[in-house]
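> Sequence:
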Amino acid sequence: MSEPAVPAPEVFRTREANRRRLTPAGQAEIDRLTAAGEASGWLSPLAYNLTISHSHRFVWYRVAKVATRTIRHHCETHGVTLDVDHAMRVRYPLASYADYFTFAFVRDPLDRFVSAWHDKVVDHNYYDFDAGTHERMQRVEEFARWTATHDLSAVPGTDQHLTLQSRMIDLNRVDFVGRLETFDRDFAEVCERIGAPAVPTAPKNQTAPGGRGRQVSAELRELVRTMYRRDYQVFGYPPDAPDQED
Numbered sequence: 001m002s003e004p005a006v007p008a009p010e011v012f013r014t015r016e017a018n019r020r021r022l023t024p025a026g027q028a029e030i031d032r033l034t035a036a037g038e039a040s041g042w043l044s045p046l047a048y049n050l051t052i053s054h055s056h057r058f059v060w061y062r063v064a065k066v067a068t069r070t071i072r073h074h075c076e077t078h079g080v081t082l083d084v085d086h087a088m089r090v091r092y093p094l095a096s097y098a099d100y101f102t103f104a105f106v107r108d109p110l111d112r113f114v115s116a117w118h119d120k121v122v123d124h125n126y127y128d129f130d131a132g133t134h135e136r137m138q139r140v141e142e143f144a145r146w147t148a149t150h151d152l153s154a155v156p157g158t159d160q161h162l163t164l165q166s167r168m169i170d171l172n173r174v175d176f177v178g179r180l181e182t183f184d185r186d187f188a189e190v191c192e193r194i195g196a197p198a199v200p201t202a203p204k205n206q207t208a209p210g211g212r213g214r215q216v217s218a219e220l221r222e223l224v225r226t227m228y229r230r231d232y233q234v235f236g237y238p239p240d241a242p243d244q245e246d
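Position one of the sequence shown corresponds to residue 1 (the numbering used here), numbered consecutively onward.
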């Protein structure tokens, strides 16, 4: 089988009216590469949530609940065009982006889980629980038990706010992984690499300091440690980190 031509990276953009979907031309290129065969190696084996800028030549592996709004807002307000804006579960052509800078941000798995619970359960009924179930889920341990019944490495299949962070990043190709805990320093490095102004800013979707400490029980800590064992191992977060202080 002859190898398909490498598509120009600029072919891939999301639609103006739907920033989650590729344009017809971009999707056609993905379909063409897919038809060339799974063994061709032209597409990433797994799908990711991607934001791509051709003008600043970067691929950002978006990890939900880790400063995604902050990073996107920074790009929008500092002239960084997001050609692939908010694409969901996309396999991308590896050769087309071989010389693009790739990055992602992660955070302590326990903090991320509590943040998701606050946002998607306490503040909203994002998972569309019935009234009785939603009332039970106001206890974070109940929500953790429910989450533990899912395969958190399944994409698609698991909600992006709960998926393993290590599954949402192409670990074989990522150039830089920053941390929410050192966001100002790490994001400044990203901005320097992509040629954007670095302006210190607090992450917009970070749980308020001390919030986690008031929520954590031994049961919750153990459930999260088990569910997110791979994230703790890959990113080096200590599973028994002390609670944050007010």
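Bear in mind the hints are in silico, worked out from the structure with no lab data behind them. Don't take each hint at face value.
[As the list claims (entries may be wrong)] Mimicking SDA-like on lysine to any residue, the simulated pairs with C-alpha atoms at most 25 Å apart in a straight line are:
| hint | residue 1 | residue 2 |
| --- | --- | --- |
| 1 | K120 | E135 |
| 2 | K120 | D83 |
| 3 | K120 | R179 |
| 4 | K120 | F176 |
| 5 | K120 | L94 |
[As the list claims (entries may be wrong)] Here are the simulated distance ranges between beta carbons:
| hint | residue 1 | residue 2 | range |
| --- | --- | --- | --- |
| 6 | G157 | D99 | 15 to 23 Å |
| 7 | R225 | E189 | 28 to 36 Å |
| 8 | P45 | A131 | 37 to 45 Å |
| 9 | D128 | A98 | 37 to 45 Å |
| 10 | T133 | G79 | 43 to 51 Å |
| 11 | R193 | E76 | 46 to 54 Å |
| 12 | R139 | S55 | 43 to 51 Å |
| 13 | R69 | D151 | 39 to 47 Å |
| 14 | T133 | V6 | 46 to 54 Å |
| 15 | F129 | E189 | 36 to 44 Å |
| 16 | E181 | T133 | 30 to 38 Å |
| 17 | G132 | R193 | 27 to 35 Å |
| 18 | D130 | R69 | 28 to 36 Å |
On a predicted model such as this, the values are computed, not experimentally measured, just so you know. The C-beta atom is built at its ideal place from N, Cα and C for all residues, glycine as well.
> What hints, given by number in increasing order, does this structure fail?
Numbers 2, 4, 5, 6, 11, 13, 17 - these are the hints that the structure violates, sorted from lowest upward.
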